[in-house]
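S.K.: Take the given structure of chain A and dock chain B to it, following the hints.
So the sequences go chain by chain: A and B. Using full-length UniProt numbering, the first residue of the first sequence is number 1, and each one after it goes up by one. Using full-length UniProt numbering, the first residue of the second sequence is number 1, and each one after it goes up by one.
Some clues are possibly wrong.
Claimed, not checked - Now the stretches of chain B that chain A is said to cover, found in silico as 3 or more residues with beta-carbon under 8 Å:
id, region
1, 56-64
2, 99-109
3, 119-128
4, 203-216
Stated by the list, open to error - Pairwise CB distance ranges, derived in the manner of DEER restraints:
id, chain 1, residue 1, chain 2, residue 2, range
5, A, P151, B, A116, 23 to 31 Å
6, B, T118, A, T118, 38 to 46 Å
7, B, E203, A, P150, 54 to 62 Å
8, B, Q142, A, W99, 57 to 65 Å
9, B, K152, A, Q113, 28 to 36 Å
By construction, these hints were calculated from the structure, which means they are not laboratory data. Cβ coordinates follow ideal geometry from the N, Cα and C atoms, glycine included.
There are 2 protein chains.
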Amino acid sequence: MCELLGMSANVPTDLCFSVAGFLRRGGATGPHRDGWGIAFYEDDGYREFRDPHPSIESPIARLICDYPIKSRIVISHIRQANVGAVNLGNTHPFSRELWGRHWSYAHNGQLDQSFATTLPLGLYHPTGTTDSEHAFCWLLDQIRQAFPEPPKEPRQLWDLIHQCCEQLRQMGVFNMLLSDAQYLYGFCSTKLVHITRRAPFGEARLMDMEMTIDFSGCTTEHDVVTVVATQPLTTNEAWTPFEAGELVIFQEGEVMGRRRSAGLGVI
Amino acid sequence: MCELLGMSANVPTDLCFSVAGFLRRGGATGPHRDGWGIAFYEDDGYREFRDPHPSIESPIARLICDYPIKSRIVISHIRQANVGAVNLGNTHPFSRELWGRHWSYAHNGQLDQSFATTLPLGLYHPTGTTDSEHAFCWLLDQIRQAFPEPPKEPRQLWDLIHQCCEQLRQMGVFNMLLSDAQYLYGFCSTKLVHITRRAPFGEARLMDMEMTIDFSGCTTEHDVVTVVATQPLTTNEAWTPFEAGELVIFQEGEVMGRRRSAGLGVI
Numbered sequence: 001m002c003e004l005l006g007m008s009a010n011v012p013t014d015l016c017f018s019v020a021g022f023l024r025r026g027g028a029t030g031p032h033r034d035g036w037g038i039a040f041y042e043d044d045g046y047r048e049f050r051d052p053h054p055s056i057e058s059p060i061a062r063l064i065c066d067y068p069i070k071s072r073i074v075i076s077h078i079r080q081a082n083v084g085a086v087n088l089g090n091t092h093p094f095s096r097e098l099w100g101r102h103w104s105y106a107h108n109g110q111l112d113q114s115f116a117t118t119l120p121l122g123l124y125h126p127t128g129t130t131d132s133e134h135a136f137c138w139l140l141d142q143i144r145q146a147f148p149e150p151p152k153e154p155r156q157l158w159d160l161i162h163q164c165c166e167q168l169r170q171m172g173v174f175n176m177l178l179s180d181a182q183y184l185y186g187f188c189s190t191k192l193v194h195i196t197r198r199a200p201f202g203e204a205r206l207m208d209m210e211m212t213i214d215f216s217g218c219t220t221e222h223d224v225v226t227v228v229a230t231q232p233l234t235t236n237e238a239w240t241p242f243e244a245g246e247l248v249i250f251q252e253g254e255v256m257g258r259r260r261s262a263g264l265g266v267i
Numbered sequence: 001m002c003e004l005l006g007m008s009a010n011v012p013t014d015l016c017f018s019v020a021g022f023l024r025r026g027g028a029t030g031p032h033r034d035g036w037g038i039a040f041y042e043d044d045g046y047r048e049f050r051d052p053h054p055s056i057e058s059p060i061a062r063l064i065c066d067y068p069i070k071s072r073i074v075i076s077h078i079r080q081a082n083v084g085a086v087n088l089g090n091t092h093p094f095s096r097e098l099w100g101r102h103w104s105y106a107h108n109g110q111l112d113q114s115f116a117t118t119l120p121l122g123l124y125h126p127t128g129t130t131d132s133e134h135a136f137c138w139l140l141d142q143i144r145q146a147f148p149e150p151p152k153e154p155r156q157l158w159d160l161i162h163q164c165c166e167q168l169r170q171m172g173v174f175n176m177l178l179s180d181a182q183y184l185y186g187f188c189s190t191k192l193v194h195i196t197r198r199a200p201f202g203e204a205r206l207m208d209m210e211m212t213i214d215f216s217g218c219t220t221e222h223d224v225v226t227v228v229a230t231q232p233l234t235t236n237e238a239w240t241p242f243e244a245g246e247l248v249i250f251q252e253g254e255v256m257g258r259r260r261s262a263g264l265g266v267i
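Here chain A stands alone, though its shape is the one from the complex (with noise of 0.2 Å):
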């Protein structure tokens, strides 16, 4: 399997603590050795690092740990191939255009193999040989046929890809991450946990390595920044499960609303 890891933040925020710890699981203190990457939606655009090596082994993941990007949406994943080769071209995260925006997205699971017949292409295809990127271009496309334009109401977009989640949950393991440049949309098929924080900042610990920070020495009372991820990344904290078949969207570090399976009730 794989592991996932992303940001909703209200105002640019760098990702470096989480980061750290993150990628200490692609090789180090985890197995996920077979690529990972990450993609950035800074204010003024959008952005991505993959590499198909170990993250623990990687000179630009050492940059990504070291250089301070700013943004208030981040996506990233470490590797552990099941469906695909070990190659850059089956490395997450990935990223298609629909209307005038970046998507980005990442997967932890497998879809049972009938997923090249059960899921047909239109428009987008993929350029890797993944179950998670074909499911990403099926995703896209259900959504563009849906929303030529951007829908004026979101929830409406909201219930679609939700809709497309629980399919795909159908078929196999589906964790997946997912961003349009304005929302951050978690979806848990068995295993995803969030955390956010506002004021009183205080200090966390990192799971899997020595390292301690004190958030509140770099932020501000009006901050807030949601953390989600396959699972807690310190060991002082209380992070939230996500529900099976739950979908949580994020704007600004809130929740802006969720779906979840027929049954659970709506927000």
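M.R.: Showing chain B alone in chain A's frame:
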């Protein structure tokens, strides 16, 4: 204006030597301080690095100069902004997916202000505000409309790309590097040169910094590497200028085809 750098090679080749000289022009030996980017087509995938800061001051640029990424096709760009603010979203190269392939593109020049109305958009939309990205989206739409699937005969595609480039050249200055993951396309409106290095390899001396390399020490007799640039990068080699209106198509370091302005013939 800006400057372009491209490479086509028949073996995975690192471009560190040329990039080291080229990126000096982003604030040291040249005025192109408004961002820089580089795209690599490696054997197993595509990735790009972009930074809206001067390359001469960029930690990511230092990494790229020191960390040999071996690829067969490279497109790089240093920016001196005219249309569009200096920010990450307006930093070349731009990329989109077509036919399950990454297409990458960088532009040097400026189109007249009518571009937004003269070049109607279809499926691809810019995420930034430059004339360059708008022209790229328009170009990909022309290709997609003409060839929903990759043409069996690539010469038809080359004809179309040349026709589109000629149309863009009528609207201002349009020097361009483009790749569809198979070929490197260079189109010259006013300024573009290229050089092909093959056995017997010799020594090259950079123009923009004190650096000399003896290629015979890091190549085999079968290697063929072509470098394309806005202006020569070395002082002791003969670079060949493109003609105005000429499209040259490179693959594996070799010239695979040329399209020239009407009246100048076609190879």
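S.K.: None of the hints should be skipped; say for each whether it holds.
M.R.: Quick rundown of the hints versus the structure:
A count of 3 residues in the region 56-64 of chain B with a Cβ less than 8 Å from any Cβ of chain A is obtained; the coverage claim is therefore met, three being the minimum. Interface restraint, the region 99-109 of chain B with chain A: holds (4 residues with C-beta to C-beta distance below 8 Å; minimum three). For the region 119-128 of chain B, the stated coverage by chain A holds: 6 residues have a C-beta nearer than 8 Å to a C-beta of that chain, and at least 3 were required. Proximity of the region 203-216 of chain B to chain A, defined as three or more residues with a beta carbon under 8 Å from a beta carbon of that chain, is not established by the 0 residues found.
Separated by about 25 Å at the C-beta atoms, P151/A and A116/B satisfy the suggested range of 23 to 31 Å. Against the hinted window of 38 to 46 Å, the Cβ-Cβ separation of T118/B and T118/A comes to about 43 Å, which satisfies the hint. Range check, E203/B to P150/A: Cβ separation about 56 Å, and the 54 to 62 Å hint holds. Against the hinted window of 57 to 65 Å, the Cβ-Cβ separation of Q142/B and W99/A comes to about 21 Å, which falls outside the hint.
Taking the beta carbon of each, K152/B and Q113/A are about 31 Å apart, inside 28 to 36 Å as hinted.
Violated hints, in rising order: 4 and 8; the structure is consistent with all others.
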